[in-house]
Amino acid sequence: MDFNLSDLQRMLLDTAERYLAERFTLEHRRALRDTADGLDTEAWSTFAELGWLALAIPEAQGGLGGTMADIAVLGAALGYRCVALPFTSSAVIAPMILAESDAPQGGLLQAIAEGISRVALAHDEPDERYNYSAGRRTMLTDSGSGWTVTGQKMLVLDAPSATHLIVSAGGDDDFTLTLVPADAEGISSSPYPLLNGARAADIVLDEVAGGIPLARGRKARTLLANALDYGRIADAAQMVGSMEADLALCSAYLKERQQFGQPIGKFQALQHIMADMFVATHQARSILYSAIAAAEADEATRSRAVSLARINIAEAHQIVARQAIQLHGGYGITDEYEVSHHYRHQIVLEKLYGDVDFHERRLAAD
Amino acid sequence: MAIMNFELDPALEAFRQEVRAAIDADLTLELKAGMQAYAGSQAEPDDALTWMRILNKRGWSVPHWPIEYGGTGWSAMQLYIFNEECCNAWAPDTCWGETQMCGPVIYTFGSDYLKEKFLPAFRRGDYYLAQGFSEPGNGSDLARLRTAARREGNIYIVNGQKIWTSSAYASKWGFFLVRTDPNVKSQAGISFLMIKLDTPGITIRRIPQLNGEADLCEVFLDNVVVPAENLIGEEGKGWTYAKFLLDHERTTSSFIFFNKRELARAKMIAQNEAQDGEPLIRNPHFRSRLLRIEAELTALEWSVLRELSHEDFKYDATAAASTLKIAGSRLQQSINELQMDMLGAKAMRAFPFDPADREDAPLWPGYAETATSRALVMRAATIYGGTLQIQKGIIAKLAFDL
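The listed protein sequences derive, respectively, from chains A and B. Quick note on numbering: our numbering labels position 331 of the first sequence as 433, and the sequence is numbered without any gaps. Quick note on numbering: our numbering labels position 179 of the second sequence as 328, and the sequence is numbered without any gaps.
In case anyone wonders, no lab produced these hints; they're calculated from the structure. Keep in mind that the hints are not guaranteed to be accurate.
With a cut-off of at most 30 Å between alpha-carbon atoms, the simulated DSS-like pairs for lysine-lysine come out as follows [stated by the list, open to error]:
1) Lys392/B / Lys357/A
2) Lys368/A / Lys546/B
3) Lys416/B / Lys345/B
4) Lys206/B / Lys416/B
5) Lys546/B / Lys357/A
6) Lys416/B / Lys321/B
7) Lys266/B / Lys321/B
8) Lys463/B / Lys357/A
9) Lys357/A / Lys368/A
10) Lys453/A / Lys368/A
11) Lys416/B / Lys392/B
12) Lys453/A / Lys206/B
13) Lys368/A / Lys181/B
14) Lys321/B / Lys181/B
15) Lys546/B / Lys181/B
16) Lys368/A / Lys334/B
17) Lys386/B / Lys334/B
18) Lys416/B / Lys463/B
19) Lys181/B / Lys416/B
20) Lys392/B / Lys266/B
21) Lys206/B / Lys368/A
22) Lys181/B / Lys206/B
23) Lys345/B / Lys392/B
24) Lys409/B / Lys181/B
A short, non-exhaustive set of chain A residues, derived as facing chain B with CB atoms under 8 Å [stated by the list, open to error]:
25) Gln364
26) Gly367
27) Asn414
28) Glu417
29) Ala466
Where is the CB? At the ideal position from N, CA and C, for every residue including glycine.
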């Protein structure tokens with residue numbers, strides 16, 4: 103076993119830390135709220151130039167063929183700077199599905215790698231809660247002159263800046279994943295921001311034509327399950343990075359902030375809160391590694407490891423991000439201090455693709 | 150190239166099978182049953198010594214020691230696997246004070262005389278060893294300890310009182326921290342002394358505990374004469390050696406194997422205890438507690454593996470060791486408390502601590518006889534070896550310079 107970074111990972115991390123620290127300042131992230139779709143297009147081009155958007159794409163398909171560990175190294179760096187761009191949806195989840203599909207996709211993976219295309223996963227539907235196994239009410243039908251998709255999707259993360267959607271459709275017996283252009287006729291989208299500045303949309307698909315079925319039946323379910331677990335690990339890495347930022351922010355603040363004539367870090371009550379945050383964050387990184395180690399295992403082993411990791415990291419986040427605000431006093435609840443951004447970012451990451459209850463139920467089912 | 154590699158070396162699996170077969174052949178049913186029926190935290194001293202003697206026949210009683218003193222030369226991961234297999238098989242613990250604490254101090258700092266006198270005896274499991282650190286007035290503030298050893302020619306005269314001395318009543322020797330120089334700064338006047346416990350002037354009192362056991366002792370020393378050759382290393386260096394001890398073995402305080410074994414026992418209880426005919430493993434409340442503990446335990450195991458693999462760590466390594474201690478001791482408590490809680494009303498019965506004193510109770514499952522007792526005594530896990538609050542202080546200082 104070796105937990106140290108390879109030379110390439112070290113380079114990836116150094117570059118990411120340097121670039122993201124410079125680009126994703128608090129002011130810049132707040133300014134991104136005024137953009138139409140939340141996307142920092144200049145940064146996204148840089149992500150492409152640095153190879154980050156090709157990391158999860160297999161080498162045979164023009165990508166870098168990075169491992170889950172590589173993705174997690176970058177994910178933690180993104181989390182450290184609260185970056186809420188479509189990295190997980192477009193550069194992890196979508197490529198995992200597209201790369202395993204036999205359907206012709208017109209060079210979409212290459213376009214993702216180049217930063218030209220972004221792909222969002224449209225799966226959730228109204229009146230359900232983290233349901234990744236049941237059939238969809240959205241239907242894919244053969245109209246005689248091609249496939250059309252009709253249905254209502256909800257909470258499609260990163261849809262406002264996406265060029266394509268992967269839409270799940272079909273009942274228990276004919277589950278499918280279909281690729282449709284985001285601007286296809288018949289699509290109407292109601293976008294909104296999430297707590298961390300990311301964007302999502304509720305989407306109506308009304309006889310949308312021109313879709314490409316990527317996978318059907320058992321294969322479609324397997325591709326979705328695999329891609330979501332990879333996405334859960336990538337997001338877990340971002341949570342760990344964000345918690346590690348909380349540690350740095352808080353320990354610096356405790357030394358700087360004076361009350362009762364001394365730095366508040368001299369107070370044992372606050373020191374012990376820092377220690378609790380340290381233990382939780384250290385443990386969170388450890389269990390992230392256990393999930394990465396299981397990423398290539400069989401589905402049962404992998405999903406078990408991922409769910410245990412997501413439970414523990416969610417619990418760690420609840421200690422770390424909340425106490426980070428407590429340690430900052432009133433400043434902690436303002437929009438002008440980093441810790442409130444990390445809190446909101448971690449809440450979004452914690453609730454994506456399954457919360458603690460979801461993962462407990464998934465573990466109990468096996 | 151050293152790529153983040155989380156896979157175990159395949160050769161270790163063969164090692165695991167070899168070790169498992171050996172333990173299976175060597176561990177007697179009496180020892181195994183004794184551990185399963187044991188209601189305390191560590192094994193009975195007699196059982197520990199019996200197991201040491203058995204292991205010694207294979208040369209495995211002190212595997213982590215240097216080869217010249219009887220170690221095996223196994224790697225850190227091999228030691229990890231060996232200890233896990235012993236624990237899973239319900240082998241007794243070994244005498245911690247000898248194998249983990251005093252032995253390493255003697256072979257690192259001790260004279261040839263002390264090495265010859267003690268190391269082979271420790272390795273063979275000849276007798277049990279007690280640890281005399283804490284005093285009634287000095288627990289967390291150990292550096293101010295007052296038990297005095299006054300040098301007179303070739304002897305020390307020792308006067309004072311020690312407390313929380315585990316198994317002193319069953320021990321032949323003890324290793325003590327004593328003050329040899331009252332005139333210097335508190336840490337500088339402390340020395341490490343080996344004292345034979347049947348020396349005149351020593352009185353030992355067993356302290357009755359909340360779970361019916363009486364393993365912790367008070368040791369009174371009244372003009373006890375100790376040969377000066379029993380001093381380990383140099384006079385005044387005792388504090389340095391004690392710190393060496395704490396740094397020597399960073400991962401054992403996680404109690405990772407104990408915790409894994411007790412979680413398995415908790416799951417067994419969850420399958421056997423039922424509400425309205427439904428086993429508790431399917432009860433959402435208990436299922437949730439089990440899973441959260443399993444997640445925390447998985448995190449702890451990977452924290453231990455990170456430590457064993459010498460990960461480059463951006464914080465002080467001692468802060469990581471305190472993390473293992475904090476997370477491990479909390480799990481010792483939460484797992485045993487979960488066992489107790491799953492017993493419901495059955496958890497209230499006060500069974501005798503000694504299995505020999507327990508009457509046949511056909512309506513009562515065997516695990517009910519020990520779970521509550523362990524849960525009670527595990528409150529000590531966040532007290533001994535540096536309290537939870539001391540550990541948090543270490544992290545605040547070493548990781549964050551607060």
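**OP:** Would you check the hint for Lys392/B and Lys357/A, treating anything up to 30 Å between C-alpha atoms as holding?
**Re:** This hinted pair holds, its Cα atoms lying about 28 Å apart.
Original post:
Straight-line Cα separation of Lys206/B and Lys416/B no greater than 30 Å?
Top reply: Outside the cut-off at roughly 35 Å; violated.
Subject >> Satisfaction of hint between Lys266/B and Lys392/B, Cα-Cα up to 30 Å >> reply: holds, 24 Å
**OP:** Verify the proposed pairing of Lys181/B with Lys416/B, using a straight-line Cα cut of 30 Å.
**Re:** It holds: about 20 Å lies between the C-alpha atoms, which stays within 30 Å.
**OP:** Starting from Lys266/B, check that the Cα of Lys321/B is at most 30 Å away, please.
**Re:** holds, 13 Å
Subject >> Restraint status (C-alpha distance of Lys357/A to Lys368/A at most 30 Å) >> reply: holds, 8 Å
Original post:
Is the straight-line distance between the alpha-carbon of Lys206/B and that of Lys368/A 30 Å or less?
Top reply: Measuring from Cα to Cα gives roughly 54 Å; hence the hint is violated.
Original post:
Is the straight-line distance between the alpha-carbon of Lys386/B and that of Lys334/B 30 Å or less?
Top reply: holds, 12 Å
Original post:
Is Lys546/B close enough to Lys357/A, meaning Cα to Cα at most 30 Å?
Top reply: Satisfied, since the Cα-Cα distance of roughly 12 Å is no more than 30 Å.
Original post:
For the pair supplied as a hint, Lys345/B and Lys392/B, is the alpha-carbon distance within the 30 Å limit?
Top reply: Holds. Lys345/B to Lys392/B sits at ~23 Å (cutoff 30 Å).
Original post:
Is it true that the CA of Lys546/B sits at most 30 Å from the CA of Lys181/B?
Top reply: Given pair Lys546/B, Lys181/B is violated - Cα atoms ~43 Å apart, limit 30 Å.
Original post:
Taken at face value, is the distance from the CA of Lys334/B to the CA of Lys368/A at most 30 Å?
Top reply: holds, 24 Å
Hint compliance for this structure: hints 3, 4, 6, 10, 11, 12, 13, 15, 18, 21, 25 are not met, and every other hint is.
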